[in-house]
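Novice: Here is what each chain is made of, one letter per residue.
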Amino acid sequence: MNLMLKIAGALTVATAMTAPSLAQTTIVAPSGSTAGTYMDYMKTVYDRGTGSELLQIPIATFDKEFELTPMAAESWSQSEDGLTWTFKLRSGLVWSDGEPLTAEDFVFALQRAATSGYDFAWYWDFAGGIKGWKEVTEGTAEASTLGLKAVDDLTIEVTTVAPKPYFPSVTSLWYPVPKHKVDELGDDWALDVASIVSSGPFEIESWEKSNNSVVFTKSDTYTGPWSPMIDRLELDPTLNAPEVGLPAFLAGDSDYSFLNTGQVPVATQRFPDGIRQNAVFATSYISYDLDAAPFNDVNVRRAFYYAVDRAELTSTVLKDIAIPAGSILPPGYPGYNPDVVAQATFDPEKAKQFLADAGFANGEGFPDVEIWYREEGGYNGAIIPAMAQYLQAEFKEVLGITLNIRALPGPEWMDGLRGKKNNIFIAPYEYDYLDPSNFYGIFYNGGRHGYFIPEYDELVAKADSESDWDTRYQLYADAEQVMIDQGLIIPLVHPITIAVVSDQVTGDGVQPNSLGFTQLDRLGHYFFTHITKQ
Amino acid sequence: MLAHIIRRILSVAFTFIVVSVIIFMMMHSVPGGPFDANDMPVSEAVRAKMMAQWGLDQPLHVQYFQYMWGVLHLDFGVPFQSPGETVVELISRAWVPSLILGGSGVLIGAPLGILLGMAAALHRNTWIDYLASTVATLGLTIPVFVTSMLLILIFAVWLNWLPASGWPQPNRWILPIICYATIPLATYARYTRSAMLDTLNRPFVTVLRAKGLSENRIIFQHVMRNSAIPLVTVFLPMFIGTATGSIFVEAMFRVPGLGAYFVSSIEVRDYTLQMALMLMITFMYCVAYLLSDIIYALLNPRIRVGGAE
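Chains as they are written, first to last, in the working numbering: chain A, 1 to 534; chain B, 1 to 309.
Hints were generated in silico from the structure; no laboratory data involved. Ideal Cβ positions, reconstructed from N, Cα and C, are used throughout, including at glycine. Fair warning: there could be bad hints in the mix.
Cut-off 30 angstroms, straight-line C-alpha distance, at most; resulting in silico cross-link-like pairs (DSSO-like, lysine-lysine) [stated by the list, open to error]:
id, chain 1, residue 1, chain 2, residue 2
1, A, Lys-134, B, Lys-49
2, B, Lys-211, A, Lys-181
3, B, Lys-49, A, Lys-131
4, B, Lys-49, A, Lys-179
5, A, Lys-149, B, Lys-211
If you want a taste of the chain B side facing chain A, the calculated C-beta under 8 angstroms gives, among others [what the hints assert, rightly or not]:
id, residue
6, Ala-45
7, Val-46
8, Gly-77
9, Gln-81
10, Pro-83
11, Thr-86
12, Val-88
13, Leu-153
14, Ser-165
15, Pro-237
16, Gly-241
17, Met-252
18, Ser-264
19, Ala-288
20, Tyr-289
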């Protein structure tokens, strides 16, 4: 009897001790890359510690409808000449060690990025257009000459080389760096959990460097918008591969998992309410060397444009892991224009006519061509090889021409594209920031493909600095019309990713937006602060 | 015997130096460097600054001698991908899970394989033999990522007896250990079977039987000892191979081990870590073969090279 009492007592104490931890909500999620060096987004983007951006508060960020939402900034304004932006920070923001978060921490973040080998530094020139950026990154000017100024603790002034109406959306990747910590520890501040401080909705609890998995907890000191509804967040990049993620999800070890093509039907059958589609905002398209035969003839390029049945391509060989692309811009992306998209029809007769106009009726006399694509993993790896084979069959059937396929490692493919070593390529591109200038910029003034089309360049340059948004979008649509008329590219597909989410995870974050997309961790700040678990 | 061991140690040291030079040369002869991996490389000015910071602007032979001088003092440098710690700290941290899981896999799989091989040899051409051969063949031919997937599906998803993956709770070790154990089990079953059959067919066994020795004594005292040499040859290299982590098993079971570093150190040109890992493996193999040689000699005096004794 005595023994029974002791056991009952021990069980009561044990239950009482474990109850609080059971009450904690923890989300376990797949994430990013298994290799990460610094837990500091402003030190390295490509090699960052998992979720380093969730630790910090950006100036602004996007919600699930891709609306720009102020975060560290309370408001912003543009000067009359359009060259200077003034950002007013919220008062009361602090670092997790109690130090106040000031304008100086934001200015310091970019001054350091321009001088210390930040691997995303090009962004602040290409997208940000910050005055003096190029000179400072090339080492010919001092960081103090940058168009960045902390006017007072809560005011930041940014000067750009030309008017940048979309600059506030560029700031979604502008995170503060704790100057007081860098002064004390240098880059080592972001290497060790004990010295990492945060300004965002989460604090770091642990970081396993061999697979870059992290555990975050809800920050006690965060006073900005979007406070987390969960207590703990475990981000594990080893769950990112669907082959590992789905079994873990099925065993209850993970709250959602991305799916590969083979898993989609199984998961859809088993969890019909748990399937989510994520827009990647990427486009795969065919590009050419415009100076090399036979693609130096616009009629040939137009023939190829009309010879692709995108709907069949995505529904058959790609098994709906991509949607048809009629424009370089994906649906839902700012500036997306249905009128542009409507032109990208599958019209074999038109295609044949254009080819005949080019002097290759029924493909006779057309040289054999080799299409080059880049070997890669992820969603592109699942899409591009299958798509290349589809195109090979399609061009043979519709145009009567022989297309050979060649896969190349990344650097060789890029070298081939830049050096014009081949005349036709499949090119994938994924957005870096949410503005049409990101996609149109890749064809501007040579850009990625060596396309120099004065009419196009003029429209894009005008659009880039146009402050009226309707006019701006129209200018981009006009620029795309030039691309269509001159057959500069063939938009093929926009990849999407598909995931399965546990029915225990609730909140706005897992509800599809008005376009039907659920971005999950692709909009990390929004998603992880707008979900909870039952 | 002592002279033999000294000769072997000298040859191991020589091998170690030659291998270090070859690895160093190969590592640096691959085009690109640690700061060229991204699509968007840093500017020349910044790149030069970073190369100087890591000492990569020095001539190659200077870099080699500096590195090896450090190695002599057990200083393997700082890993580029984890600059907050030393290479030695990184390896000793990440090796623990690999060693526990891989090591246990071999230590469990090898004895089971020996038992299976013995059973097969002693019951040749019976169902036991066929079963053992089937198990061995399956163990060697099914890739580990398939075995991992099957184990997860059966024990974690369908039966829900064990967690699918993760670290560090010991109940999460069971499936990866089973997975690691399959290869030593299969290998040992095959080696033991053929080694024992080979020995059982030799004339001295017939003589022992004719002399009226019990079957147990013949098997355990004579046959086993004579069959042990191939098993010794296989054991240490297999132990090292498995206990230094497998990229597939660690990825499937989400183990934060050394396996991932083998790949990432090559991918991101983490020269210091890459060199340290290769030197570590070389050193371990050298020592393993040295030990194997010594054990051979103890098992069978005729193997002693030189035969002076």
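Novice: State for each hint whether it applies.
Specialist: Status of each hint after checking the structure:
Of the pairs offered as hints, the one joining A/Lys-134 and B/Lys-49 holds, with about 17 angstroms between alpha carbons and a cut-off of 30 angstroms not exceeded. Distance restraint check for B/Lys-211 and A/Lys-181: the Cα-Cα separation of roughly 83 angstroms exceeds the 30 angstroms cut-off, and the hinted pair is therefore not satisfied. For the suggested pair B/Lys-49 and A/Lys-131, the alpha carbons sit about 23 angstroms apart, so the restraint of at most 30 angstroms is met. Our distance criterion of 30 angstroms between C-alpha atoms is met by B/Lys-49 and A/Lys-179, whose separation comes to about 22 angstroms.
With a CA separation close to 99 angstroms, the supplied pair A/Lys-149 and B/Lys-211 exceeds the 30 angstroms bound. With a least beta-carbon distance of about 3 angstroms to chain A, the hint placing B/Ala-45 at the interface is held under the 8 angstroms criterion. This hint holds: B/Val-46 has a C-beta 4 angstroms from the nearest C-beta of chain A, less than the 8 angstroms allowed. Using the Cβ-Cβ criterion of 8 angstroms, the hint placing B/Gly-77 at the interface with chain A is not satisfied: the shortest such distance is roughly 15 angstroms.
Given the 8 angstroms rule on beta carbons, the hint for B/Gln-81 holds: about 5 angstroms separates it from the nearest Cβ of chain A. A distance limit of 8 angstroms between C-beta atoms decides the matter here; for B/Pro-83 the minimum to chain A is near 6 angstroms, and the interface restraint holds. This hint is violated: B/Thr-86 has a C-beta 12 angstroms from the nearest C-beta of chain A, more than the 8 angstroms allowed. Checking B/Val-88 against chain A by beta carbon gives a least distance of about 15 angstroms; that is not within 8 angstroms, so the hint is violated.
Look at B/Leu-153: its Cβ gets to within about 7 angstroms of chain A, closer than 8 angstroms, so that hint holds up. Given hint, B/Ser-165 at the interface with chain A, holds; its Cβ is 6 angstroms from that chain's nearest Cβ, closer than 8 angstroms. Given the 8 angstroms rule on beta carbons, the hint for B/Pro-237 is violated: about 24 angstroms separates it from the nearest Cβ of chain A. Hint on B/Gly-241 is violated. Least Cβ distance to chain A is approximately 19 angstroms, over the 8 angstroms limit.
With a cut of 8 angstroms, the hint placing B/Met-252 at the interface with chain A holds, because the nearest CB-to-CB distance is about 6 angstroms. Given the 8 angstroms rule on beta carbons, the hint for B/Ser-264 holds: about 5 angstroms separates it from the nearest Cβ of chain A. The interface hint given for B/Ala-288 is violated, since its Cβ lies 25 angstroms from the closest Cβ of chain A, which is over the 8 angstroms cut-off. Contact between B/Tyr-289 and chain A, as hinted, is not supported at the beta carbon level, the nearest pair being about 29 angstroms apart and thus beyond 8 angstroms.
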